[in-house]
Each structure stands twice: as C-alpha cells, then as structure tokens.
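Trainee: This is what each chain is made of:
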Amino acid sequence: MFAVTCLAILVVMGIALARAFIGPTIYDRILAVNMFGTKTVLFIAVYGFLTERPEFMDIALIYALINFVGVIVVLKFVERYPPNSAHSDE
Amino acid sequence: MNFIIDALSWGCLLLGSFLGISGAIGIFSFKEFYSRVQAASVTDTLCVFFIMLGLILQSGFNLVSVKLIIAVGLLWLTGPLATHALVRSAYLTGLKPKLSITRKESAKRGKS
Amino acid sequence: MSNINLLIDVVLLTMLVLTTIAIVRLDSLFAIVMLTGVFSLLAANIFVVLDAVDVAFTEAAVGAGISTVLMLATIGITGYEQKRRRKISWIAPLTVVMITGAVLVYGTLDMPAFTDPTAPIHQHVAPRFINESPTEVGIPNMVTSVLASYRGYDTMGEVIVVFAALIGVLSLLGIRRNTEEYEYSEPPARPVLQVMSKFLIPFIILFALYVQFHGDFGPGGGFQAGVIFAVAIILYALTFSQQDAMDLVPPKLLKILASLGVLIYGGTGVVSMLKGGNFLDYNVLAHDPIHGQHYGILVIEFGVGLTVACVMMLIFFAFISRGDKNP
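Chains as they are written, first to last, in my numbering: chain A, 17 to 106; chain B, -6 to 105; chain C, 13 to 339.
No false leads were mixed into what you were given.
Every beta carbon over 10 Å from chain B, so not counted as near; a handful from chain C, in silico: (1) Ser14; (2) Asn15; (3) Gly119; (4) Glu148; (5) Leu182; (6) Tyr307.
Under 7 Å between C-beta atoms, here's a sample of chain A residues computed to sit facing chain B: (7) Ala24; (8) Asn50; (9) Ala76; (10) Leu77; (11) Phe84; (12) Leu91.
Derived by calculation from the structure, the hints in this document are not laboratory data.
It should be emphasised that the depicted structure is a prediction, and the values quoted were computed from it without experimental measurement.
Cβ atoms here follow ideal geometry from the backbone N, Cα and C, with glycine treated the same way.
Build out the structure end to end from the sequences listed, making use of the hints.
Mentor: Pasting the structure below:
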C-alpha cells in the first residue's frame, strides 16, 4: 500500500516539474516548485514507512521549513528587483 | 480491529493520492495563473492531511506519530501562507487575472 | 520489494536528467536558480532512497535552502538576462564530450558491482569502524562517530574551508553600512507574513538546537544545525527589514563568533595534546575513554555549528547589502 502511494506522489512530482519547465510566468514556476517541495516531504515520510525506518521524519520536517523559506526568499527578490516583463517569459 | 485500522489507512492513503493527482492535473491543464494557484493550494493541503492520517493510523502511539502530527501542523501553517504571499506578490507587480469578459465590458454592464 | 526500489530510482533519476536539460536550455536566470533548488531536492530524495540519511539532510538544508538564497542575491546584483553569446558550431564540443564519456564508461567496466560487499573499498577501514565504533566511541549514530572522531582532521579541514570562504567574501565584498543619511522608508506592510514569521522563527531556532544535539542519536549534527539557524535569521531579515536583522545579530559579533567556533575545534585538539594524547585524541579528555569521546564530539560539534551559522548569516548580509533599493 505504501508502494502505490509512493508511485502516486512521484507522478505528482513529475507533473509539477513539467509545469516548472513550461510555466510562462515566473509565478507559475514558483508555484510548481512549492508544490514539488510539499510532495517531497510526503515522499520521504511514506518512503520511511515503506522501508520500515521511520527515522526519516526529521528530514521531512526540515524540508517543510526549507521549502517555505525558499518560497518566501524568491518572492522577496522578485518584488525587490522585478524583472522587466514579469508577466511573460523573461 | 487490525483489519479495520488497515482498511481505514488504505482508504486514507488512496484518497490522499487521488487528491494529489487531481491537484497535479489541475496545475497542468488550467489556462491561467490564479486558477492554478487555487488547484495547487487546496488539493495540496488536503492531500497532506489524508496521507499523514493514513500513516499515523499505521504507526500507533509513539514518537513517530507525534512527529507526523508536527509535520502536518507545519505544512498547514506554511502552505496557505506561501500561497498568500505568492498571490499578493503576483497581484502587486501587475499580473491581473484573465476574466471571461473584459473590464470595460463588465464596467459597462455594471453601470447599466 | 527491490522492484519498487528500482522503479523509484529510475523515476527519480529520469526527473534529475530532465531538470538538468531544462537548466541548460532555459534563458531566464530566475527559472534556472529555482530549478537548481529542485535539482538539490531531487538529489536529496535519491540519497534518502540510498539510505544515506545524514547526507540527505545536509543536501536539503544547504542545496535547496542556502544555495538558492545566495544565488538569488547574486542575480539581484548582476542582473537577470543571460548575455547573448555568439553561436559556435556544435560539432567540436560534441565530439570532445562523446570521446571523454566513452573513455569514462570504459574505465568503469572494470569496477566491482555497485553494492558488492566484497569490493576492496569495503575491506579496509570500514569493518574497523563498523565493528569497533560501539565499543570505542559508544554513540548510536555511526556517521557522527566517523565524522567527528575517526575522521576528526577532515572535519576540521571542512570547518576551516567554510571559514576561509567567509574571509574571502568579506574581503572582496564586505558588509556595507548605511553611512549616508538613514532614509527610513517604511517597507510595505505585510501583516500576515510578519505575524506568522514571528510565530515560526522561535520554533525553527529550537529545531536547529534539537538537530545540533540530537546528532549523536539520529541524523543531524553541526553543519545542518548551523544552516537551519541561519535560515531562521534569513527569514527574519526578509519579512522585516535587513536593518532589523543586522541590529539583532550585529556583524561584529558574528565575526567574533565565527572565529570562536574554529578556535573551539582547534582548541580541543590542543587540550588533548596538553593532557598527554595526540592532537584531537578524545580518549584523554575525561576519566574514561568513552566519556572522553562523548565530551569531545559534543564540543567540536558545537564549534562546527557555531561557525557554520555565523558564516552563512554573514555571507547573506554581505550579498544583500549590495542592493540599491531599501529592503
């Protein structure tokens, strides 16, 4: 049962990655990377249960924090130095 | 008793995976930034809750469950906050949502 | 069971290759920096699948956190557009790459299989570490015992490298103080973000302390804890203003603390020499070798964490104070 969930989370990560490659505006990419980070947290938790080593939860907690701070950093920089055409591909 | 817990956790994990995949399909196929934000953020939060609930049911009462609950709490706190910051940034630098009728049109209709 | 592992490995590595291709082909530097963060997250996932938990921890904290922050600060200074290069023909580079790749692949044909337990690399010191570590060092996490005790010199070299990077950045860039008239222009109010950051920052700092001292029993240690602590202060600097953060942790104090961390590490070695052992021999630090090892590892991990935290914060302040507009 954990294997099915692992594969589903990997599929979601792949599709979010596709959006990060394509996304015309910078904000699409930030959104996709944020979703990627959340799914990484889930992947590590489920994988820890799959291999019966639940000590991975520390890493999952760290990822959640780092992902959040990373998104805030990117947004602060986009606001501070806005690219010339923020609405389409720069 | 074990069978009930197993069945419940199977159900929660499947529901969480379904929500995650539907969020991914939404983020891929919506045509406009603000709709994608909606799809990603709403399904993300619920997906986290159900998958972690399934894992907590599997693991019982020990330290790992406490860490899972802390992880859920953290993701519930920071996920909507990141979305709020993202949409606020996008709106304040000028990315406007695409409406189905233009603004002039809707202003005209509102006035008349 | 191994089928699932193989499938997960293949999917993760494919996503890694696709991300690399996208990094090379894209033009916008912002997107490239964020895809580099995604690359680090994927690499950390692969490390988790390979059962290397401490490495995954460090890769996540450093690669997806600090590196993204510093690279964004850099492109804030240098600009977003990639310079147009003149087109060169692709035949010569492609030939060179193909020949080098073929030679490398030919070189690996002789190596033993990936997880072969009888490979020569597993016969030298690894059995000594694995067999003797519980009795000689006595802490559950074997990675920390190898890192801090058996290979203490290497870790001292790493800390000094981090410190040298700090010296390089400070002598080249320096932290600019606002010596001209202090225009206090209010940054735009962001009440939601500020309130929630005030709520989250103490927990992040507490988590950094937990990771620092839990490194003996689970994944963790000095490097990861230092990076997490620096991330908390960076979050404070970004949601409030940079001036507030520099008032909270003045750079003068940080410079002193960074040097103090390296001094603590080297000082432990000197103390053990003064007590009659070799340099960085923890057995002589206390009445009992096992206790000596515990004290030694605790002290040097503290030194490592202190230095790494201060270095990351100082480098962040140095990069961000080059900006023109008010934060």
